[in-house]
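Chains A and B, in that order, are what the protein sequence lines are.
One point on numbering: in numbering that gives the first Met the number 0, the residue at position 394 of the first sequence is 393, and numbering is uninterrupted.
One point on numbering: in numbering that gives the first Met the number 0, the residue at position 60 of the second sequence is 59, and numbering is uninterrupted.
Because the hints were derived from the structure by calculation, they are not lab data.
Some clues are possibly wrong.
[Claimed, not checked] Lysine-lysine pairs mimicking DSSO-like chemistry, simulated, CA-CA at most 27 Å apart:
#1 309/B x 113/A
#2 303/B x 113/A
#3 295/B x 287/A
#4 303/B x 198/A
#5 297/B x 193/A
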Amino acid sequence: MKLFSKERPDIPIVNHLKADGTEWTVKEKLWLGLSVSEYKKQFFRNPVNWLMIAIFAVGVPLIVGRYIFGLGWVTHASNDYPWGLFLGFGLFGMVPLSASGFMLGTTVELFGRKDFHAIERLALLNGLLGYFFAVLFLEVDLGMPWRLPYPMFVSLGPAAVLFLVAWHVATYLSVQIAEVLPAFFEWIGWLKGKRIIRKYVLGLTVAGIILSTLHQGALGALFTYAPAKVHPLWLSVNFQWIHFFCSSIFAGLSMVIIASTLIKNFMGWRCDDEFKDNLDYITIGLAKGASYAMITYLIIKIVAVAHDQEWSYLLTGWGSYYMLELGVAVVLPMFMFAIGIRNKWVTLIRFGAFIAAFGIIWNRLNTALICYNWQMYQEIPHWKEVWITITIYSLYFLTYRFIVYRLPIVYGWKGEK
Amino acid sequence: MKKLFSRRNFLKGGLATTAAAAVLKNKETKASGDFEGYPDGMGVLVDLTRCVGCRSCEAACNKEQELPEPAKPFTDFSIFDEMHHGQKRRTDETAYTVVNRYDVPELDHPLFRKFQCNHCQEPACLTSCFVNAYTKTPEGAVIYNSKVCVGCRTCMIACPFYVPTFKYSSAFSPKIMKCVFCYDTRLKEGKAPACVEACPQEALTFGKRVDCIDMGRQRIRETPGKYVDHIYGEHEVGGTAWMYLSSVPFDKVGFDTHVPKEPIINSVKDFLAMVPMVLTIWPGLFVGFHLLATRKEKMMEMEKEKELAKQKATDEKEEQV
Chain A
0 MKLFSKERPD IPIVNHLKAD GTEWTVKEKL WLGLSVSEYK KQFFRNPVNW
50 LMIAIFAVGV PLIVGRYIFG LGWVTHASND YPWGLFLGFG LFGMVPLSAS
100 GFMLGTTVEL FGRKDFHAIE RLALLNGLLG YFFAVLFLEV DLGMPWRLPY
150 PMFVSLGPAA VLFLVAWHVA TYLSVQIAEV LPAFFEWIGW LKGKRIIRKY
200 VLGLTVAGII LSTLHQGALG ALFTYAPAKV HPLWLSVNFQ WIHFFCSSIF
250 AGLSMVIIAS TLIKNFMGWR CDDEFKDNLD YITIGLAKGA SYAMITYLII
300 KIVAVAHDQE WSYLLTGWGS YYMLELGVAV VLPMFMFAIG IRNKWVTLIR
350 FGAFIAAFGI IWNRLNTALI CYNWQMYQEI PHWKEVWITI TIYSLYFLTY
400 RFIVYRLPIV YGWKGEK
Chain B
0 MKKLFSRRNF LKGGLATTAA AAVLKNKETK ASGDFEGYPD GMGVLVDLTR
50 CVGCRSCEAA CNKEQELPEP AKPFTDFSIF DEMHHGQKRR TDETAYTVVN
100 RYDVPELDHP LFRKFQCNHC QEPACLTSCF VNAYTKTPEG AVIYNSKVCV
150 GCRTCMIACP FYVPTFKYSS AFSPKIMKCV FCYDTRLKEG KAPACVEACP
200 QEALTFGKRV DCIDMGRQRI RETPGKYVDH IYGEHEVGGT AWMYLSSVPF
250 DKVGFDTHVP KEPIINSVKD FLAMVPMVLT IWPGLFVGFH LLATRKEKMM
300 EMEKEKELAK QKATDEKEEQ V
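Bound-form chain B, shown alone:
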């Protein structure tokens, strides 16, 4: 049924319907099953209890990705007190990862949280992009192609973690900038990203995503009371490649615990499912309305014609007589 519909309209040559047919086709593959990420995708487990806020990861990322030198050196810890719009530091076009400090009342020491792209299993940036600029690689990275990007910034709207950032400072070659899991320089060759390698505390553990989950569960099980019983990122927005362990509830260390448990695209599917319905039902419905609305006129016209014909016939009869 669906196929018939799309082919018919294709022949008609309607541009809009062609586009919709493309959507329809894609919907079919999407609906065939939810994507759970590549089985051999890599991941990183971040253990907040081990992080001391040394910012080595920030420095390593800066060097690896050839980002501009920051205003303050990476050994300057006063940046932990910086606030922007009442918010802690965030990633931008000059930093793909930042570490923030959180003072939790029930602990006698602060906690630090590293923050970068979480490389979702079913990324919202990817599904919201209308030029296919994003790719989820089999290695687990979510990478971006600046050659086709239009700069609409829908990915920034869609990302539940506020990760993609835009190079607002450039008029001629702006692009989206975010952590790419060191895909080109390291991950492709099976190596750990620069930040993981630089961590002196082994707060970051690189491995297959499934193994990261196992390891996280093991740590929770083996040291009772140390961790809250949750791996952030195992199920959040359908699962992410980067996952976190924490000793305090996640909302106390800057995590958004309100993000949906299923991929962001699921909340858009209602609308996408409605599109082919409108495309098929509306034409018939409204042409029907048109016929009904103009029926009276047509009937009146026909009546007139009939009367005219009758008149003509009687006139002719009279003439014959």
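Excised from the complex, chain A in its bound form:
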């Protein structure tokens, strides 16, 4: 797309009107103002797309096979490890990385920090897609995926933590759709819809905080059902929900830093000046927020060890692994953020964000998979399971890119206000 946007003044589309004064149709907007052959050309020139095609070529038949031959065909079908990579990565890993939506919504809409406005929509989109794909991962993992609405309408078990998770994901997903809709309405040119949502934005944002707090926390609380299974260092019955909630704060912020970095570097043609000029300043701001969350997280992690009297575990092999996780996943990026903020080294912050996001996924995999059944044996996911996970993540990436290419996420829609 970079080439086309350089050669043709009317691309990228930021307005309803073409250069000659006629209006873009929605179909033309979908094709980014290119003809079909031009679109194909730009699609196949991108090596990332070839990688995607290779992943899908194997992954899609595997997913189809899963629905024909059962979960046992793609996983190690374990009764000791009922939750594998689909949930360990897709649900427990993706959801904290999607906390960006409510974080930035709160910052801009609630605290009135207009200086973060340029990244708000990207954070909201990141949140929406992360949640949506977590549900998609769940649909692969559920035994009876067609019964997804059961806990809502058919048979209710309201005393279960998973009931909260289900309801909060469902309601928060709708809140997030509503929050991202204004961008869509601008793009299709239906201003009335945008104004309607604008009216409720404060309510939606507050709903977002409530639902996120409970939902991120509930994911942690799910493991309190297994007090004798998860390694004591990764499970603190009293603090688990706070650990998950607090770590989701810097996970979400780090994820927006990553997304914006990638978009700035590989989609520069799509960003407007407001986004590009403010990004370094915003990144430093996000890193500041993340640092506060990280130090809080670190302290409550230590408090949990002290509260549960687990000091002796720290001297074991698992203890070393635990400290390695905290060191690499929290302390290291925290210092990178601190140094980066102090010296205004944005690149260092960006590297730190990559490590922090990796660290969150690592922590969730540790809790759900690696340190689960630590007294029994270690489960190694089946290659098909790994491939399907990568396939769905690729689909997430493609959807993300598809939307950012088109909707006014990292640029402002010109024309009517």
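Following the hints, position chain B against chain A.
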């Protein structure tokens, strides 16, 4: 207070709060007292010192529950040496109960342990299930309804005994499979489950749970030195319907002695109690933050308006003059 809160939000029509209100309601009944199981619930006392590992119970269960024929016949004792991931045999979708052999160094003979669903008094599978697929019947059985199950497998995470197993091999009708205490075919009519009836050694004794406990205590008291002074399952995870007597410490014959003494749900209650707090405190707190954060802007706007009005007034005065 609680009621007021939930009704108000109900009227507001917030879906999330409605769900939470339902949780709240349930919490109230839960908090009213810990459930100790039904008084007339049945139980089984398993005496490890009597079991000879004949696997009759496995065969009887297989027949009663119409499970598939196993690869090796029930008379094949080589399966006692089988190990999977360094673990002894476990139940799965083809076997609701298994017997394992344990060689204890201080004994000159091996011990055998029968293993199946323990039918907890306050089952973790039941309390963790978000579609209410599990029921604890007044007879003491923990049964499962495959018609509402979504296949999330949280019950398998929650069960401290690793009992519920999932039919991973099926794409169209997978379900959770575990011992149901022969509820439909026997227990409902007051009959002992198939495995108990099949035991030639009387290693399994079926009766009211309270009577099983009495009997266990009596055996411990009457034959000093034969048993360790503990009935496994009397207090473990809040009590189970199936209980065990052993001549050696329980951790030597494959029992998890680290399971909590109280029901699993107790470790989740902290979080459940926090939910209504967040629901009530967060809206006020954050709207307050919003008002504080945007106060300056509002004040500046008001100031501007005042100034404009003043300007207007002086202009008008000047005009009059």
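Now for the hints, and whether the structure bears them out:
Straight-line distance between C-alpha atoms of residue 309/B and residue 113/A comes to about 30 Å, which puts the hinted pair past the 27 Å bound. Between residue 303/B and residue 113/A, the direct Cα distance comes to roughly 20 Å. Compliance with the 27 Å bound is thereby established for this hinted pair. Of the pairs offered as hints, the one joining residue 295/B and residue 287/A holds, with about 23 Å between alpha carbons and a cut-off of 27 Å not exceeded. A distance of roughly 24 Å separates the Cα atoms of residue 303/B and residue 198/A; the hinted pair therefore holds under the 27 Å criterion.
Using a Cα cut-off of 27 Å, the hinted pair residue 297/B and residue 193/A holds, with the two alpha carbons roughly 24 Å apart.
Violated hints amount to a single one, hint 1; each of the other numbered hints is respected by the structure.
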